[in-house]
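S.K.: Residue-level listing of the chains:
Number of protein chains: 2
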Amino acid sequence: MKIVLDAMGGDNAPDANIKGAVNAINKVKAEVILVGKEDIIRSKIKEFYGKELEQISSRLKIKNATETIEMEDTPTIAIKHKKDSSMVVGFKMLKEDEGDVFISAGNSGALLTGATLLVGRIKGIDRPALAGILPAYHSQLLLIDAGSNTNCKPINLLQFAQMSTIYIRNTFGIEHPAIGLLNIGTEETKGNDLVKESYKLLKEKSEELGINFVGNVEGRDAFSGKIDAIVTDGFTGNVFLKTTEGLGKFVKKTLTESFMKNIISKILAVPSLPALKRFSKEMDYKSYGGALFLGVKKPVVKAHGSSDELLFEYTIIQAEKFVENKAVDKMIDEFEKLNSKKAEEKLQNNMQ
Amino acid sequence: MKIVLDAMGGDNAPDANIKGAVNAINKVKAEVILVGKEDIIRSKIKEFYGKELEQISSRLKIKNATETIEMEDTPTIAIKHKKDSSMVVGFKMLKEDEGDVFISAGNSGALLTGATLLVGRIKGIDRPALAGILPAYHSQLLLIDAGSNTNCKPINLLQFAQMSTIYIRNTFGIEHPAIGLLNIGTEETKGNDLVKESYKLLKEKSEELGINFVGNVEGRDAFSGKIDAIVTDGFTGNVFLKTTEGLGKFVKKTLTESFMKNIISKILAVPSLPALKRFSKEMDYKSYGGALFLGVKKPVVKAHGSSDELLFEYTIIQAEKFVENKAVDKMIDEFEKLNSKKAEEKLQNNMQ
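Here the protein sequences come in this chain order: Y and B.
Position one of the first sequence corresponds to residue 592 (the working numbering), numbered consecutively onward.
Position one of the second sequence corresponds to residue 592 (the working numbering), numbered consecutively onward.
Okay, chain Y solo, but in the shape it has when bound (with noise of 0.2 Å):
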């Protein structure tokens, strides 16, 4: 297997991203391929470990990519004339088989295009979105769209929530996963239009599409670890999933505030070391790496703009069984005999 991961795109790129793949490389089995700008890598890794790339792995490469997308530039305009940048050369390995899984921490508007434009969609899914994987109590959460489509309609919702069902039974073993839609409140009337619209469509398809819908769920409900998925726009998505960064930080602060509040609450403090480990353990999402694109013909994984090198290290092993599970293949099988199924009742309707 080959893990390429775009080594230029981030916060924190090329040091933390370099790092991270370094750390990596001895947890899996597979190649990591880190893509830009040779010399800077070189040396870079020179730098760091006082050792040739050669030295550290025989598993660890290079591929030379001579330009960078940057935070600023226009997602379509970048991927269309950046040619060589570690963005566009990551996706063409990945499209010509080279690579297995592509990852980059980079402008994730250009990370949408240039999976779409150059990956491509998988048959039967009209807008891929990125699903990102929480905690919830003992078990974990998939916020579907977690932020790359702002505008949806129903349809596409529907879609998210064919791909989680497919996704979760692939990659958690449950068999049917409980999804729920993102709303205000749980009666069928509460919502804004796309929520309500949505609902219905979901109602009327979820036994034929085999989609284990739980009807609405609210934000309060949603980490009880009794929902596998939770399906909104990428808006709502992308506000929620920053609400629980924010508030995941708050809480982490004032946690170690009032621990470390003076000398005495810190030695009382130490006993209870382990059960606060197990707490932050429990609660830390970067255990849970990089967001998924579901929905093109390809692994595609958005890691966090701010990764750091531990970061970069837990998405390349969640990466790495990401391919392991197949559940991109397993999509697009599943996608397709959905297709002839339809093109099959197309054809009946159209002979009676």
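It is possible that some hints are incorrect.
Because identical chains share one entry, a pair is satisfied inside a single copy or across any pair of copies.
The calculated BS3-like cross-link candidates involving lysine-lysine, where the alpha carbons are at most 27 Å apart (straight line), are [said to hold, decoys possible]:
(1) K840 to K817
(2) K686 to K912
(3) K593 to K794
(4) K671 to K642
It is worth saying that the hints were derived from the structure and are not from the lab.
Given the coordinates of chain Y, work out where chain B should sit on it, guided by the hints.
M.R.: Okay, now just chain B, sitting in the frame of chain Y:
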């Protein structure tokens, strides 16, 4: 001062409402008037405390109301037809100066309809909105609209910014509160259509209206303590609020389990109990009471639907402060000044 409490509204009514009022009565200077079925309230008090209502406090009163608005009731119909419901009677007391603030944990839609129809909007405000107060790092965060207007226009968000500025200045003593627009990125070009247009309008009008508009704010920065209020539509705001709540519950449960995992971790946790208590207090959204309904002519407080007796107690104490600060009177004054200034300008323009 007279605090009017809907005794029949909320998931735990009337028990939690009555107990909350009894708990609060010695912590406030005001009279607390329970509105609801007198015979039930009297017999509950006898059951809980073995005393008559009059024996508990001379400041604890009842106003009889024979009907109740249920959660399933259609707001407008309920307000128009259930004329002897605890909610309608409560609003009438407010209107006729038999009460200074009305608190209800009942049907949100009915509460908002009642406040607008029976108490009336402040001139210059098109849509009153719920303002929730959340904990933030060494500070607090006002969230408006927390859930009353599912579909909003840019002008509504501008007015929410005006109202929060006036409210925060008068309540928390922050002369130029920092007002942010909830978005999925900090750049001007980010977000859905509503947010993009609202950004433009806020930027254009903020100086004239004395709003310290700090631009787009992401959920991840909302709790940093640097932002005093975030404005958003009622759908997104409610998702934000409930996500915060859901994650808070999850954090609490996980933290408790980490410390209570086994007998050893329980013993080891003892020395750090003060730190844990400090943390809980800092985080507890309950101590911030209910949400304020800003933009109507009298103080109206929406208590949490699932309020327990402790939360009712907090909400009553907070409601007293809300009245003492004269936040609503000051808001009426400021909008009147603004309206007469506008009228004058219009007159001058016409004369030119």
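S.K.: If a hint holds in the structure, say so; if it does not, say that too.
M.R.: Verification of the supplied hints:
Taking the shortest Cα distances, K840 and K817 sit within 27 Å of each other both inside one copy (24 Å) and across copies (14 Å). For a Cα distance limit of 27 Å, the shortest separation of K686 from K912 inside one copy, 19 Å, qualifies, whereas the shortest one across copies, 63 Å, does not. Within a single copy, K593 and K794 get their C-alpha atoms no closer than 40 Å, and across copies no closer than 48 Å, so neither meets the 27 Å cut-off. In this assembly of identical chains, the alpha carbons of K671 and K642 never lie at most 27 Å apart, being 36 Å within a copy and 80 Å across copies at closest.
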